[in-house]
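Listed below are the residues making up each chain.
2 protein chains.
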Amino acid sequence: MTQTEATKTASSQSTHAAAETIVNAALSSSQSKPRRSKYRHVAAYHLKQRHSSLSRDANVTPSFLGFRNLMVLVLVAMNLRLIIENFMKYGVLICIKCHDYRRQDLILGSILFALVPCHLFVAYLIESAAAGAAKKTIGLQKKTAEEKEYDQKVFQSTWPYTAFLHTANATLCLAVTSFVVYFYIHHPGIGTICELHAIIVWLKNCSFAFTNRDLRLALLNPSADPGLPEIYSSCPYPRNITISNLSYFWLAPTLVYQPVYPRTSSIRWSFVAKRLAEFAGLSVFIWLLSAQYAAPVLRNSIEKIAVMDIASILERVMKLSTISLVIWLAGFFALFQALMNALAEVMRFGDREFYTDWWNSSSLGMYWRSWNRPVYLFMKRHVYSPLVGRGWSPLAASGVVFALSAILHEMLVGIPTHNFIGVAFAGMMFQLPLIVLTAPLEKKRDPLGKTIGNCIFWVSFCLVGQPLGALLYFFAWQAKYGSVSKMRP
Amino acid sequence: MTQTEATKTASSQSTHAAAETIVNAALSSSQSKPRRSKYRHVAAYHLKQRHSSLSRDANVTPSFLGFRNLMVLVLVAMNLRLIIENFMKYGVLICIKCHDYRRQDLILGSILFALVPCHLFVAYLIESAAAGAAKKTIGLQKKTAEEKEYDQKVFQSTWPYTAFLHTANATLCLAVTSFVVYFYIHHPGIGTICELHAIIVWLKNCSFAFTNRDLRLALLNPSADPGLPEIYSSCPYPRNITISNLSYFWLAPTLVYQPVYPRTSSIRWSFVAKRLAEFAGLSVFIWLLSAQYAAPVLRNSIEKIAVMDIASILERVMKLSTISLVIWLAGFFALFQALMNALAEVMRFGDREFYTDWWNSSSLGMYWRSWNRPVYLFMKRHVYSPLVGRGWSPLAASGVVFALSAILHEMLVGIPTHNFIGVAFAGMMFQLPLIVLTAPLEKKRDPLGKTIGNCIFWVSFCLVGQPLGALLYFFAWQAKYGSVSKMRP
Chain A
1 MTQTEATKTA SSQSTHAAAE TIVNAALSSS QSKPRRSKYR HVAAYHLKQR
51 HSSLSRDANV TPSFLGFRNL MVLVLVAMNL RLIIENFMKY GVLICIKCHD
101 YRRQDLILGS ILFALVPCHL FVAYLIESAA AGAAKKTIGL QKKTAEEKEY
151 DQKVFQSTWP YTAFLHTANA TLCLAVTSFV VYFYIHHPGI GTICELHAII
201 VWLKNCSFAF TNRDLRLALL NPSADPGLPE IYSSCPYPRN ITISNLSYFW
251 LAPTLVYQPV YPRTSSIRWS FVAKRLAEFA GLSVFIWLLS AQYAAPVLRN
301 SIEKIAVMDI ASILERVMKL STISLVIWLA GFFALFQALM NALAEVMRFG
351 DREFYTDWWN SSSLGMYWRS WNRPVYLFMK RHVYSPLVGR GWSPLAASGV
401 VFALSAILHE MLVGIPTHNF IGVAFAGMMF QLPLIVLTAP LEKKRDPLGK
451 TIGNCIFWVS FCLVGQPLGA LLYFFAWQAK YGSVSKMRP
Chain B
1 MTQTEATKTA SSQSTHAAAE TIVNAALSSS QSKPRRSKYR HVAAYHLKQR
51 HSSLSRDANV TPSFLGFRNL MVLVLVAMNL RLIIENFMKY GVLICIKCHD
101 YRRQDLILGS ILFALVPCHL FVAYLIESAA AGAAKKTIGL QKKTAEEKEY
151 DQKVFQSTWP YTAFLHTANA TLCLAVTSFV VYFYIHHPGI GTICELHAII
201 VWLKNCSFAF TNRDLRLALL NPSADPGLPE IYSSCPYPRN ITISNLSYFW
251 LAPTLVYQPV YPRTSSIRWS FVAKRLAEFA GLSVFIWLLS AQYAAPVLRN
301 SIEKIAVMDI ASILERVMKL STISLVIWLA GFFALFQALM NALAEVMRFG
351 DREFYTDWWN SSSLGMYWRS WNRPVYLFMK RHVYSPLVGR GWSPLAASGV
401 VFALSAILHE MLVGIPTHNF IGVAFAGMMF QLPLIVLTAP LEKKRDPLGK
451 TIGNCIFWVS FCLVGQPLGA LLYFFAWQAK YGSVSKMRP
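Protein sequences, first through last, are from chains A and B.
1 is the number of the first residue of the first sequence in our numbering; add one for each residue after it.
1 is the number of the first residue of the second sequence in our numbering; add one for each residue after it.
Isolated chain A, as found in the complex:
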């Protein structure tokens, strides 16, 4: 065997003979020397110095793709095991009849939903009045600058009344809903839907009022470039103050009012159907998960929390984290991908960017900017940027943003569960320090920094924050009412 052939063989071995399976070696046998040699037992298989591929001496580090596959398989196996274990422990816990929502809840819920359009109508009346006043002002507008300015001032002075009326109207709507949900709607699910709808409409109301105020001001001094977006030109103020325009905004999947939105040319009903099917499927999936897996874990952890056994609580939170994570991901997809896209398609709403790739967030700030775009854009447009414009420090401004959304979160969770325990509030406020801490990681060029930031996000938010929150609210609920649905013994 000549040296060259030797090295050939050696190398073909060092690539662990990828070219030849034991099974079809006959084919490859023509290539590798040992087979052709007259004396098969003398073939030299150790021909040159080689390093183990895992040694540091090795000049090439092998790929570890196989271990990624293994990781996925282990995850599947572990969860399959937990499913079997759970089944053997509890049997089937899913029971449609067991669920007790009261007729009262449904009736009150529908009434609350019916009330909302009325408030929107009031908002419309307020705006049209203001618009009328503005038009009058323009009508009797004189040429000289100081007179213009006087008009401006006069008009400015009217804003507080408009603002007051809007606030009264919007807040009344929210207050009534919250009151009814907290005191008269027992079922947390129905309560959450009502409260969520009320909060959304409240935000839309604010956006509507603020935007139209600025449009009015822009209208009153056309000389100074108001810097209005081109897109608005197709429907200039006050032509946008119509019932149809407002109701479109009410139903459109956004919290930011614009007289004009980018629209799609037509409705693809097949698209709508698919998205709704996704939504339905995921809702059932989530329900099954919570009934079969989350509920028992939560129930088992009650006494653990009662006696404050830290190790057990930790164990519970970890056991819960996997389930709550899956529920969270499914819920996110169901709402922000499936439902919102379906709604947008029906409304021919063009801008479907309801989220960006928040799962890659390398900082908490990035996450909060990317997972829920509608709310983020509202906060940015109507809270953050105006405050910064008035010379607030960015940190203070975002402090206000998170304080506001902390209150809304607490309302959203605390009111339907009839427990103001402030965990949601605290959780939101706790984001600020985390954001400040992780902000540097986001700037990092190297992927390691980003990975660390991403891990901090997942752990703090999905693996600890959420399950812990769920645990505490469930505990508070149990302490107040006992089980929400009659469970089989």
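Just some of the chain B residues that point at chain A, by a computed CB distance under 7 Å:
1. 63
2. 85
3. 261
4. 454
For the record, the hints were derived by calculation from the structure and aren't laboratory data.
Glycine residues also receive a C-beta, built at the ideal position from the N, C-alpha and C atoms.
Position chain B relative to chain A; hints supplied.
Leaving out everything else, chain B in the frame of chain A:
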């Protein structure tokens, strides 16, 4: 806001404002129009049609790197949970004094180890006799071809005797060890070490005999190019028939005899120390794992197996699979990376390719060729390639290979545990169909095929095969002896 600026803003948003954190928006506020506009509440955030990044309409699919990180975190969390759970259930199970090996086991073990060199010495005597005969033949060699051929024939006829003696010698060594281990060494650990050593020496013996036979034949007709590897030229037959040469082969980390091996120039003792430290550390790690985690799972599954409750057995196997997988990986690294490299360094053995990247195997055949190179090379050189050379079909030849290694596996597991239940044998034989089935996947160009093959490998081998085997042998052991170490109640 002009169109260009608008698109600028829009795009800066569509990259979810990665450039600006809420916290330091002041910096970036100079870039994005809304902040500079006189009327902050009119900024158009919905400027153009955009798709949700998860929709199929989206032109770019986002990266999912974040989910890889999440996967790792969930794995860690789940296992941490299992550790806590295990601790709360069982407390600390590790107990050094509890382990009962008997003085007899140790004594017999050392005797068996001492016996091996004697057999090697016998092998040396046989070979030197054969070498002497060969030399004589050459001495009285005539010139004519037919006389040469006659000599050849004469010599050929002597091979059976040599072969018989070698077989007797090698097999006696193996038989004695197996007999003693099976009947007199209770402790499975000590038994395994003795049996393993005996099997290794048996293989080395075979390789030694076969190689020298072919070297002899090559010596006897130098005319026809024997195709001997160049590397042997530094020590041509019969100069390699020495005690030192043989004992080097005995201790060298290979099963394939070569008169000459690639050697390193010097021994790096620091390297040796590190590898041995790794080996020690991993051994302790493995011991802890099996004592604290594997043992209870195994014990709990006894009655499940007894009553053949399939669901429970499945659940047990899955619970065991994670642990056995970790033990398996640690064990692989401890033996093939740490220990063998240490040994090779001490022996200045150059070829350290004891394994290649088997974890990426896209077929079972690939795995068996890459995870244990020493055995693979032995089988290839002394069993597979000779058989193929004699015109056997590759499949039949590899059938023989796996049958042989199946027997050896059964001996290695069955004898020390005093249970010939044939599971190891069956497991090895079962590899053949799997190899045939997965061979096509290996050929596949597309990564998907390879991934599927890799997953089949992991599942069949690590997630099901091994834990199931361990379960069954443990069950057999328990049925025969009860617990191997006195466990605390």
